[in-house]
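Undergrad: Next come the chains, spelled out residue by residue.
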Amino acid sequence: MEKRVAIELKNITKTFGPKVIANKNVCLTANHGEILSILGENGSGKTTLMNMISGIYFPDEGQIFIGGEEVTIASPKDAFTYKIGMIHQHFKLVDVFSATENIVLGLEEKGKYDLKEAEKKVDEICHKYGFEIDPKKKVYTMSVSEKQTVEIIKVLYRGADILILDEPTAVLTPQETQKLFAILRRMRDDGKCIIIITHKLHEVLSLSDRVSVLRKGEYVGTVITAETNESQLTEMMVGKKIDLNIERSEPKNPVDRLEVQHVSCVDRQGATVLDDISFTARAGEILGIAGIAGSGQRELLEAIAGLQYLTQGDIYYHNPKTGQTDDLRNKTPLQIRELGVRLSFVPEDRLGMGLVGNMDIVDNMMLRSYRRGKSAFLERKKPKDLAQEIIESLEVVTPGADTPVRRLSGGNVQKVLVGREISSSPTVLMAAYPVRGLDINSSYLIYNLLNQQKEKGVAVIFVGEDLDVLLELCDRILVIGSGRITGLVDARTTTKEEIGLLMTKTVETAPEGGSDNG
Amino acid sequence: MNIFVAFISSAIPLGVPLLYGSTGEIVTEKSGHLNLGIPGIMYVGAISGVIGAFLYEMSCGNAKENMVPALAILIPLLCAIAGSVLMGLIYSFLTVTLRANQNVTGLALTTFGIGIGNFFGGSLVKLVDSDMPNIILTKTSNFFCAQLPFADDCGWFGQIFLSHDFLTYASIVIALVVSFVLNRTRVGLNLRAVGENPATADAAGINVTRYKYLATCIGSAIAGLGGLQYVMAYANGVWSNNAFGDRGWMAIALVIFALWKPTMAILGSFLFGALCNVYNYIHHFFYLGHDANRELFNLLPYVVTILVLIITSMRKKREHQPPQSLGLSYFREER
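Chains as they are written, first to last, in numbering that gives the first Met the number 0: chain A, 0 to 517; chain B, 0 to 334.
Everything labelled a hint here was simulated from the structure, so no lab data went into it.
The C-beta atom is built at its ideal place from N, Cα and C for all residues, glycine as well.
Honestly, I wouldn't trust all of these hints.
What follows is a set of in silico ranges between Cβ atoms, one per label pair, in the way DEER data are often shown [claimed, not checked]:
1. Asp188(A) <-> His319(B): 17 to 25 Å
2. Gly121(B) <-> Glu107(A): 44 to 52 Å
3. Gly66(A) <-> Thr184(B): 31 to 39 Å
4. Asn117(B) <-> Gln334(A): 28 to 36 Å
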């Protein structure tokens with residue numbers, strides 16, 4: 000079947016500052032009525048490229064053709080005129096606005112500003128493609144998948160023919176992902192051109208018609224999905240053959256290290272964020288925590304680290320050195336740290352918690368050790384050695400130990416953070432999203448580090464986003480949904496679908512209401 | 000009864016500068032810019048109006064018969080707007096284009112504005128060679144204070160609601176118009192989006208920089224009118240340095256009290272006007288003993304301001320929060 004070309008890129012180059020080349024001579028073609036995947040590791044320039052099509056950035060060199068004609072896309076408004084719509088990875092929505100207000104935002108329609116009319120139109124679009132959304136619902140009360148729906152309707156409302164989705168499944172459960180894919184296929188059959196940016200291989204293979212691969216800002220090639228396989232794509236993406244297996248050893252004589260019993264927490268607004276959480280973390284095993292983003296993972300780890308006030312419950316710590324049991328609830332964060340409980344939390348902006356961006360690596364090491372010296376002056380020798388050691392053993396790419404952490408790339412920042420927490424030989428290591436934004440090689444380096452810690456007899460708690468990784472890395476997986484435990488499964492025997500169901504499951508309260516006639 | 004009517008009637012003009020100031024600040028804050036320069040801008044608005052009126056009175060030979068009413072009002076009005084918009088432009092150039100820290104810029108602008116006001120105020124006093132440290136523009140003030148002809152015939156109703164200068168009514172109309180624009184028009188929707196989440200607004204094709212500039216300058220113009228109203232109507236055309244006091248700061252506090260809603264600002268301003276007025280009337284209502292006790296009531300508006308800030312900081316509803324990006328600079332290609 001003859002395909003109609005929707006958009007063509009020729010020799011696109013974009014640099015940030017004199018050194019960072021985000022895209023170099025990229026050429027791409029996408030057709031109507033097909034789904035094209037743009038595959039590449041984090042930092043390979045996928046998002047930058049798409050931002051140039053949607054008018055957020057302007058290319059330094061190269062041409063863009065739409066429907067065969069050369070165009071200049073200088074602003075998001077220009078992109079709308081050419082019927083290009085982008086759904087960003089971090090949703091661009093105004094929290095206090097309703098779905099419809101967000102959808103009509105920035106439109107310059109003729110005539111009166113009429114929300115009711117717009118709501119009707121939103122309903123029509125929902126009906127056509129099978130979305131489910133209440134047009135009046137405020138964004139801040141929405142789930143992640145609802146927000147994504149609003150984003151997609153927003154571009155459809157503007158009559159977009161070319162839809163670009165940036166990592167659309169990163170925040171969805173497996174079930175929500177299937178639903179989204181069904182909608183995307185329906186749009187493809189409707190003749191729209193769909194470009195999806197991703198680094199998940201199995202999604203590429205199951206959804207797209209063709210795959211274009213980028214590596215370090217350069218265009219590697221395009222293959223037809225039906226004619227390729229996982230290992231060929233990985234090789235194109237990384238540039239060399241790599242082994243994508245995590246070696247998981249059997250836990251050696253696991254003993255209970257941390258017992259969390261009936262813990263509840265509330266946030267500043269008084270809403271319950273943790274509700275009656277109980278579990279045990281054992282030494283020598285990795286306990287995974289799965290859940291939709293914002294289900295209480297952060298609060299749970301902070302509660303253990305002593306950074307949250309517990310409205311109820313206790314956290315017992317079995318000290319391997321003394322054999323005693325301490326209740327962490329009565330301890331300050333400092334005392335908890337000294338017991339060997341370490342938290343390494345990688346927030347979305349990477350530097351928010353744990354590291355100070357403007358300080359160099361040595362100073363950041365000292366954030367954990369400054370109390371040790373007795374003299375009034377700082378002792379810089381040991382932290383400096385430690386920094387050097389981390390740089391060498393974890394292959395941190397930096398001009399030197401005295402470079403401000405802020406200047407390092409995301410992956411290297413994370414290596415510094417995780418390296419520092421591990422260096423103090425913890426007994427409990429909590430790592431939240433430690434591979435967020437890392438390339439494949441660095442990710443596997445971190446996984447190996449966690450495995451080493453596990454073999455040393457550390458109780459590792461790992462909060463992850465990628466279910467495939469959780470299944471391969473962890474021994475047991477705790478699933479939480481809206482602040483409650485919805486399941487505890489054995490990672491060796493469970494399936495992705497089972498975890499997905501648990502993630503969205505709402506825990507039934509005691510069956511007193513007599514709703515047993517289901 | 001009479002004293003009560005007089006109390007309310009004289010409280011209203013006290014609230015008007017606050018209403019102008021807070022309406023202006025709401026417009027600015029809705030674009031995500033916390034303009035702490037409002038007190039300075041109101042001060043500059045006032046002195047600009049004074050300069051305009053002064054020059055016009057001089058050019059007419061200081062005789063009321065030679066003055067054209069429309070000009071006597073328009074010249075100070077336009078001067079006040081021009082002066083405050085200029086201040087707004089400085090603020091937006093620094094914070095929007097150069098992305099300077101908004102708090103520091105605002106505070107600097109307040110100091111600067113008060114300095115300018117006192118400089119020109121002092122210079123004019125020297126020019127007229129007066130014994131008193133005032134500039135008296137009674138003739139212009141008379142045009143500003145013109146009230147509805149039938150106000151006196153309507154008893155207490157007339158005294159409370161009809162006996163005020165046109166800038167008082169204009170302040171309420173402006174607040175209502177701003178409220179309508181913010182909530183019922185596309186421009187308002189876009190402006191609110193800019194203040195909540197400029198990256199979103201930008202991706203939606205809204206010119207963020209233009210909205211920020213316009214909101215800051217229009218907000219400044221509205222605030223500047225508050226300064227003008229204070230001199231021309233409330234103070235009967237008498238300018239003396241530093242007499243404007245801390246009305247600008249109270250206007251900024253009122254924005255929080257009003258939960259960023261101009262209609263609430265109307266209510267809040269007149270409530271605060273009344274609080275300021277308690278000092279003038281309290282001895283008519285209650286026996287206070289020694290006269291010095293009355294001085295305590297000078298504290299009232301400020302104590303209430305502190306209470307308001309404490310109470311509003313405890314509010315929980317999401318719609319009652321400040322614009323999410325308030326105080327943050329926006330740079331599109333930030334990585």
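Undergrad: Going back to the hint list, which numbers does this structure go against?
TA: When the structure is compared with the hints, numbers 1 and 4 turn out to be violated.
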